[in-house]
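Enquirer: Please work from the sequences and hints to get the whole structure.
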Amino acid sequence: MDFDWSVIGGALPYLWKGMQYTLELTAIAALGGLFFGTLLALARLSPIKPLSMFAAGYVNLMRSIPLVLVIFWFFFLVPVILQVAMGYERPPQVGAERTAIITFIMFEAAYFCEIMRAGIQSIPRGQIHAAQALGLNYSQTMRLVVLPQAFRNMIPVLLTQTIILFQDTSLVYVISATDFVGAAAKIAQRDGRLIEMYVFVAIVYFIICFTLSLAVRQLQRKIAVIR
Amino acid sequence: MGISLDWSVFLQELPEGGVFYWEMLLSGLWWTLGVAACSWIIAMLFGSVIGTLRTTDSRVLVFLGNAWVELFRNIPLLVQMFLWYFVVPELVPPLKAWVVAAEPSHAQFLSATLCLGLFTSARIAEQVRAGIQSLPRGQRHAAQAIGLTTAQMYRFVLLPMAFRIIIPPLTSETMNLIKNTSIALTIGLAELTFRTREMGEYTFRFFEAFTAATLVYIAIAMTANRVMALIERRTAVPGYIAGGK
Amino acid sequence: MLERIPNIDANRSTTDTGFILKRFVRTTLAAVVAVLALPVYSQSLTGTLAKIRDTGTITIGHREASIPFSYLDDKQQAVGYAMDICARVVDAIKAELKLPNLKVVLQPVTSANRIPLLQNGSIDLECGSTTNSVERQKQVAFGPTYFVINVTAAVKASSPIRTLADLNGRTISTTAGTTSVPLLKRYERTSGIDVKEIYGKDHSESFLLLADDRVSAFVMDDVLLAGQIANARNPADFRIIPESLRTEPYSVMLRREDAPFKALVDRTIGGLMKSGEIEKLYAKWFLSPIPPRKVNLNFPVSPALREAFKNPNDQGVQ
Chain A
3 MDFDWSVIGG ALPYLWKGMQ YTLELTAIAA LGGLFFGTLL ALARLSPIKP
53 LSMFAAGYVN LMRSIPLVLV IFWFFFLVPV ILQVAMGYER PPQVGAERTA
103 IITFIMFEAA YFCEIMRAGI QSIPRGQIHA AQALGLNYSQ TMRLVVLPQA
153 FRNMIPVLLT QTIILFQDTS LVYVISATDF VGAAAKIAQR DGRLIEMYVF
203 VAIVYFIICF TLSLAVRQLQ RKIAVIR
Chain B
-18 MGISLDWSVF LQELPEGGVF YWEMLLSGLW WTLGVAACSW IIAMLFGSVI
32 GTLRTTDSRV LVFLGNAWVE LFRNIPLLVQ MFLWYFVVPE LVPPLKAWVV
82 AAEPSHAQFL SATLCLGLFT SARIAEQVRA GIQSLPRGQR HAAQAIGLTT
132 AQMYRFVLLP MAFRIIIPPL TSETMNLIKN TSIALTIGLA ELTFRTREMG
182 EYTFRFFEAF TAATLVYIAI AMTANRVMAL IERRTAVPGY IAGGK
Chain C
4 MLERIPNIDA NRSTTDTGFI LKRFVRTTLA AVVAVLALPV YSQSLTGTLA
54 KIRDTGTITI GHREASIPFS YLDDKQQAVG YAMDICARVV DAIKAELKLP
104 NLKVVLQPVT SANRIPLLQN GSIDLECGST TNSVERQKQV AFGPTYFVIN
154 VTAAVKASSP IRTLADLNGR TISTTAGTTS VPLLKRYERT SGIDVKEIYG
204 KDHSESFLLL ADDRVSAFVM DDVLLAGQIA NARNPADFRI IPESLRTEPY
254 SVMLRREDAP FKALVDRTIG GLMKSGEIEK LYAKWFLSPI PPRKVNLNFP
304 VSPALREAFK NPNDQGVQ
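Residue numbers (our numbering), protein chains in the order written: chain A, 3 to 229; chain B, -18 to 226; chain C, 4 to 321.
One should not assume that every hint holds.
[Claimed, not checked] Capping the alpha-carbon separation at 30 Å, the derived lysine-lysine pairs in DSSO-like fashion look like this: (1) K188/C / K77/B; (2) K199/C / K77/B; (3) K297/C / K19/A; (4) K199/C / K265/C; (5) K159/C / K313/C; (6) K297/C / K159/C; (7) K78/C / K19/A; (8) K101/C / K283/C; (9) K77/B / K277/C; (10) K283/C / K297/C; (11) K313/C / K287/C; (12) K297/C / K78/C; (13) K78/C / K106/C; (14) K287/C / K106/C; (15) K283/C / K78/C; (16) K199/C / K78/C; (17) K277/C / K313/C; (18) K106/C / K19/A.
These are calculated hints, taken from the structure and not from any lab test.
Expert: So, in structure tokens, the structure goes:
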């Protein structure tokens, strides 16, 4: 067995580019997912039946099919769907990188929605009644009373979900996008150095995710003290 | 290029002949279910043991249990899949010899099952630990007071209660496991998603193929959900927890 | 129970799905699209050239491991014989549309996804190692043949396998989505041999399975095998079986029923052949050291390719 760890040194700039894309995708998907997830959660909890049913259906659909399948769905069909939806003459150009962003926003929205819903429901009903008694309308109640507290309850869970998202973005490998794993796989295959590359990738992910999850636990403890 | 659908595509034969597309998807489904079932057993076995170890008084065992969980939880499943399929056999010569001689699908099945089983075991261990720790301290003390050994205490008092409590999170871990089997396509295992994509490539009927796979996955998720709900109802301790919802 | 799914769908899901899909799209995707600010195309123009003119962009699909046609060099840039040919096509488009600042976007594709991506508009022109077959011509169009290959197998130099028939009972690798897959299955049926396949995602992965002794042979186009071997750590460890399952023409791939674009591609690549300039490109990639390992493939022009250069054509293999 001969190992040649020097392949990693030479590939570092390319691997870093891949990691940048991974981080970018994670950040955009987390923020976008949070935004749409909040909307979905509000829709799910709203008294308007069709709206809450649509949101529930969407969330359950996304949560019952594998992420890999979702990625394929979006990758092959987003251009066609956009064309039909927008009435374009021809399918718009959406590359692997942009498809991945759309996919992860839409997918994460479902998961963030469930976290938000749990967070919103953790606020005692009495507070909502109190807000209504003060004459606040629905949007004021949500914006001023419920959401600020709900967000705080949810922060550790949201951050944990973001760490999972960070790991899940590696699945863009299946559509040949060049994220951290994609970059490593391309070099590994070109140079015939699978062992060194994949072990290196595993170590990097482990260090990042383990550190972050320790930090989240620390934060959780802090928040727990305040409450 | 608009969306014109042709659902009869499932009743067409593959170019090689003799096999219909619905049969191709079905063969993928068997692999999906096979990997899911075998890795579920591994996950439950290891998960229960590791989760239990993490609640014992032994610092060493707790550390080992924690290390296990952190190791499998902080590396992306895709990377773990690559490690099991591409890296581990290279480091273990007898395994390599077996992999080379074996049917390729068997080697892929073994890698995928081990990978998913151990990955999920870390998540189940976390639930088991939380379940045991959520039990009132008094139960542990009572068990000790009536003279049970540590093993008996876990076997007869703590674990039966803990497992009932964690049925809902175990349900969602089971569903995650079934969904995660699709990642095995990256090492070439011809499971449902692999076959679906292959069918799309052969027929250019991606919409139909993906719709079928989506419906199948939904059906699996719903079935798994029902089965776990049934188990939950059957095993409920009267007056202790009200269905867990 | 599962067999029934297609039937149920055939009876009622078509319209349901369409309706739900539309609603789903209108309500949620619209917002995402707005965020990503995709360009809105004008309504009156059709065809790839019009699209390129409207967007000022052409997206080229390239391969990552089709050495020496289209692959990533040591700086991870897409290079190769097909990439050079496509660069000429891009120059011709710039001249034709008077778009000197035409933006070229490169999109990596695999054997498996290149056709759907071309069809759904994600790429405009595929520059790689794609076999022009009559079967594929039902889905896409091709430019003039710029290479001719033989499908065969690479094995380890020490292997007892001498002929394709020796593959009987062996496990082999091949790349998903290539013409080698159905070809191999047909060969198995007609010659009565039994082969077990592992599908690599790209040629480099299929080759690595051979290099690591996971499989006994890698069945693929001879020139791609030569490219992988040249790039290997120890090229002397491998040899190519001097036999052919089939001879196939390679070409650039574009969308069907797009006469203006097809004419431009034919004119440009045919022109390279007529002027003899193609010989220079050929020599650069097949008869000289190439990146990343500075190995010379020494792959002289075959008689079949010589003929294709003399009479540029887009005939596909049956």
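Enquirer: All hints are to be evaluated individually against the structure, with a verdict given for each.
Expert: Verification of the supplied hints:
no. : hint            : verdict
1   : K188/C / K77/B  : 27 Å, holds
2   : K199/C / K77/B  : 17 Å, holds
3   : K297/C / K19/A  : 25 Å, holds
4   : K199/C / K265/C : 40 Å, violated
5   : K159/C / K313/C : 36 Å, violated
6   : K297/C / K159/C : 22 Å, holds
7   : K78/C / K19/A   : 12 Å, holds
8   : K101/C / K283/C : 27 Å, holds
9   : K77/B / K277/C  : 53 Å, violated
10  : K283/C / K297/C : 18 Å, holds
11  : K313/C / K287/C : 19 Å, holds
12  : K297/C / K78/C  : 14 Å, holds
13  : K78/C / K106/C  : 21 Å, holds
14  : K287/C / K106/C : 26 Å, holds
15  : K283/C / K78/C  : 24 Å, holds
16  : K199/C / K78/C  : 36 Å, violated
17  : K277/C / K313/C : 7 Å, holds
18  : K106/C / K19/A  : 22 Å, holds
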